[in-house]
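Protein chains in written order, with our numbering: chain A, 1 to 143; chain S, 144 to 286; chain E, 287 to 429; chain C, 430 to 572.
It should be emphasised that the hints constitute simulated quantities derived from the structure, not laboratory data. Heads up, a few of these hints could be off.
Residues from chain A that face chain E, not an exhaustive set, calculated with beta carbons under 10 Å [what the hints assert, rightly or not]:
no.	residue
1	VAL7
2	ARG11
3	THR13
4	TRP14
5	ALA15
6	ASP30
7	ASP34
8	SER47
9	TYR49
10	VAL52
11	VAL53
12	PRO74
All C-beta atoms in this analysis are idealised placements derived from N, C-alpha and C, irrespective of residue type, glycine included.
There are 4 protein chains.
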Amino acid sequence: MSDHPFVHRRRVTWADTDTAQIAYTVRILDFAMDAVEAWWEETIGLSWYAMVVERGLGGPWVHFDADISAPLTPRHSLESAVFVEKVGRSSLSFRVEGTRSDGVASFVAHLTTVFVDRQAWRPISIPDEFLEPITSYRRSVGS
Amino acid sequence: MSDHPFVHRRRVTWADTDTAQIAYTVRILDFAMDAVEAWWEETIGLSWYAMVVERGLGGPWVHFDADISAPLTPRHSLESAVFVEKVGRSSLSFRVEGTRSDGVASFVAHLTTVFVDRQAWRPISIPDEFLEPITSYRRSVGS
Amino acid sequence: MSDHPFVHRRRVTWADTDTAQIAYTVRILDFAMDAVEAWWEETIGLSWYAMVVERGLGGPWVHFDADISAPLTPRHSLESAVFVEKVGRSSLSFRVEGTRSDGVASFVAHLTTVFVDRQAWRPISIPDEFLEPITSYRRSVGS
Amino acid sequence: MSDHPFVHRRRVTWADTDTAQIAYTVRILDFAMDAVEAWWEETIGLSWYAMVVERGLGGPWVHFDADISAPLTPRHSLESAVFVEKVGRSSLSFRVEGTRSDGVASFVAHLTTVFVDRQAWRPISIPDEFLEPITSYRRSVGS
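Same shape as in the complex, but just chain A (with noise of 0.2 Å):
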């Protein structure tokens, strides 16, 4: 049994396109870390910016990688659901599977973050108040 998954919506903007007239690679990126910061904001209560400018907590991205199976433009927006993949002791992985407003799978994107205390920049345990809301989501949508 299971529930829906987070899916954040957007539109694809003539500032996301480049010369070959598709959004531009790197804004695949962009949108895939998009989802998953409105993701956070819905399943933790709290910002990306409110984390760190005022609990001092900090994720940098280890790793992020995309498999792109179709081109995105302003013709269609996009609906990137998102995943909780794996959950470690101080690092969080995430898969983004995008799609376009006409049905067509665009990518698929997987991105991971790893806690760290931001003046020792070392890595810290996942602090519990986040970790119980992610492996409740991971538990309702599967990874």
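With chain A fixed as given, assemble chains S, E and C onto it according to the hints.
Frame of chain A, contents of chains S, E and C only:
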């Protein structure tokens, strides 16, 4: 016997940084693409822009990934070495090794492009005029 | 008697911020352009992308300016109101008033575009099909 | 009797372009800012990053504008000449003249920054150590 790889140098600027006071993760992909673009112009003698606008050729990127080992900031410039890892019939895979000007390794990225006919958006063989300098580069600097 | 102007709402995200932990200055222009692009689709019923790719029309921007009175951060979203200030034979001037979701005025920007034939790259009269909804909008919300 | 202004050279890349196959309007502002940042490091001997992170000084930009006379593409690189137009008690106004490598003038931009104390976010006098090289530059190359 091997030659030195092509190395693309660039400043890391204010515009690249985020609230964590390091280059935003997505910029790493921008830097890797920028290095491959510069390599292309030097090795093939044709800009991506000219390829698309004047020649009707295109190379959508179908895969990218990166592992990040140290943050980038404006304190150091970036030196990105470009390698050709694989040469397929239609596809090319690059590896970009990004090193800070203080000698610290920052990231290793991989990028795969596929040659297509821009009208039909179908894979085509890598044109011979490109294949020759690409395989020659690969032979001389290693993969 | 006047109607409400079109207001474009968007999040301010991590990706928008810089080392000063506010949205990077250049993003302000991005936000203003994004608001006008959204206005265009709503008012004219055609995206900039479709205008260029399908209709061969183009609108290079020949002027922009902004005065910035308060910084933007992810703490607040942005609401940008769009006004048509001037309608020339070939040119259109917009004013965008950016307000934070806490009610603080953030910026006032102006943007001027010129209609051109993309082949000849020469100014042309604003097509009637665009002129009508544009002047109608201007009449109803003021300039 | 006058010296040559500082000129910042940079490539215009694939990443800068949009569906119209010219550099996206917003990139013009990025280019102008980049030129002033490079000028700053050369003239003042301190990066914006170091000013903020190490010295607690900050310079929010309160105004920008540009008039654009010719598009930029990867066909030509960009040479941006930097001038100091006005020196106030707290504020500095720059003019950036962007010229393509084929000699065609592309844009003239103006940028105004205000020195603030980053704790109080209040205007402060331009520190003497900056004022001296700035006024000296202005005297020698004109405003």
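Checking against the hints above, which ones are violated?
Number 1 only.
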